[in-house]
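> Based on the provided sequences and hints, a complete structural model is requested.
Those sequence lines, one after another, are chains A and B. Per the working numbering, residue 1 is the first one in the first sequence, and the count goes up by one each step. Per the working numbering, residue 113 is the first one in the second sequence, and the count goes up by one each step.
None of the hints are false.
Not close to chain B: a few residues of chain A, all C-beta gaps over 10 Å, as computed:
| # | residue |
| --- | --- |
| 1 | 10 |
| 2 | 14 |
| 3 | 19 |
| 4 | 21 |
| 5 | 25 |
| 6 | 28 |
| 7 | 56 |
| 8 | 59 |
| 9 | 68 |
| 10 | 70 |
| 11 | 73 |
| 12 | 77 |
| 13 | 80 |
The list that follows gives simulated cross-link-like pairs (lysine-lysine, DSBU-like), each with its CA atoms no further than 35 Å apart:
| # | chain 1 | residue 1 | chain 2 | residue 2 |
| --- | --- | --- | --- | --- |
| 14 | B | 190 | B | 174 |
| 15 | B | 183 | A | 36 |
| 16 | A | 36 | A | 68 |
| 17 | B | 127 | B | 174 |
| 18 | B | 174 | A | 70 |
| 19 | A | 67 | A | 56 |
| 20 | A | 36 | A | 56 |
| 21 | B | 127 | A | 36 |
| 22 | B | 123 | B | 183 |
| 23 | A | 36 | A | 70 |
| 24 | B | 183 | B | 127 |
| 25 | A | 56 | A | 70 |
| 26 | B | 123 | A | 36 |
| 27 | B | 123 | B | 190 |
| 28 | A | 36 | B | 190 |
| 29 | A | 68 | A | 56 |
| 30 | A | 67 | A | 36 |
| 31 | A | 36 | B | 174 |
These are calculated hints, taken from the structure and not from any lab test. In this text the structure is predicted, and so the values were computed from the model without any measurement. For every residue, glycine included, the Cβ atom is placed at its ideal position computed from N, Cα and C.
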Amino acid sequence: GEDVEQSLFLSVREGDSSVINCTYTDSSSTYLYWYKQEPGAGLQLLTYIFSNMDMKQDQRLTVLLNKKDKHLSLRIADTQTGDSAIYFCAEKGYSSASKIIFGSGTRLSIRP
Amino acid sequence: EAEVAQSPRYKITEKSQAVAFWCDPISGHATLYWYRQILGQGPELLVQFQDESVVDDSQLPKDRFSAERLKGVDSTLKIQPAELGDSAMYLCASSLGTLKNTEAFFGQGTRLTVV
Numbered sequence: 001g002e003d004v005e006q007s008l009f010l011s012v013r014e015g016d017s018s019v020i021n022c023t024y025t026d027s028s029s030t031y032l033y034w035y036k037q038e039p040g041a042g043l044q045l046l047t048y049i050f051s052n053m054d055m056k057q058d059q060r061l062t063v064l065l066n067k068k069d070k071h072l073s074l075r076i077a078d079t080q081t082g083d084s085a086i087y088f089c090a091e092k093g094y095s096s097a098s099k100i101i102f103g104s105g106t107r108l109s110i111r112p
Numbered sequence: 113e114a115e116v117a118q119s120p121r122y123k124i125t126e127k128s129q130a131v132a133f134w135c136d137p138i139s140g141h142a143t144l145y146w147y148r149q150i151l152g153q154g155p156e157l158l159v160q161f162q163d164e165s166v167v168d169d170s171q172l173p174k175d176r177f178s179a180e181r182l183k184g185v186d187s188t189l190k191i192q193p194a195e196l197g198d199s200a201m202y203l204c205a206s207s208l209g210t211l212k213n214t215e216a217f218f219g220q221g222t223r224l225t226v227v
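Below is the structure:
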């Protein structure tokens, strides 16, 4: 079945870049998302990429997709303390009826 | 900015009691999702609606959970009877549901504690 995997933790120094990685198994995945969750809150959609794209940049966020390896990454430039959160990778098939499948999340912590 | 509204934010209930959660999606969003998020894990889909129809409820424990979206707008998720293992965050999300607009927007969630 479909599966999305992420490493559990990442610690970076304030001002450095953060790179959060994700792998997925469903080759029919068409939409790939990054969500951010702060403590006790719901999920905030950060960005998404279609499977026919290699890269998408949005201000400090850069998403890279390697479709051959089914690998997705999120790079956060100039990481700030407000970026501390759990980041979820998610994938969805082409059909509007396809469900969104989430990874278990990567907790990003920022060192001063 | 339009938001997905959920209530209550927090709920404490005793095991074997009934509990219900409510969700009002963003206006015009045809697709509505209910997810359960256990602490330390990613969200898992319980049920997905397209308008008033259930599209996927394969992971919904139907012996105790029920969900409805009678008029294709707001939705209710019910648990009866609640068990200790149901303690989790219950998240509602909605999307336009078209092929070009699949982004799902989440509410703040209802944190359920069963004691």
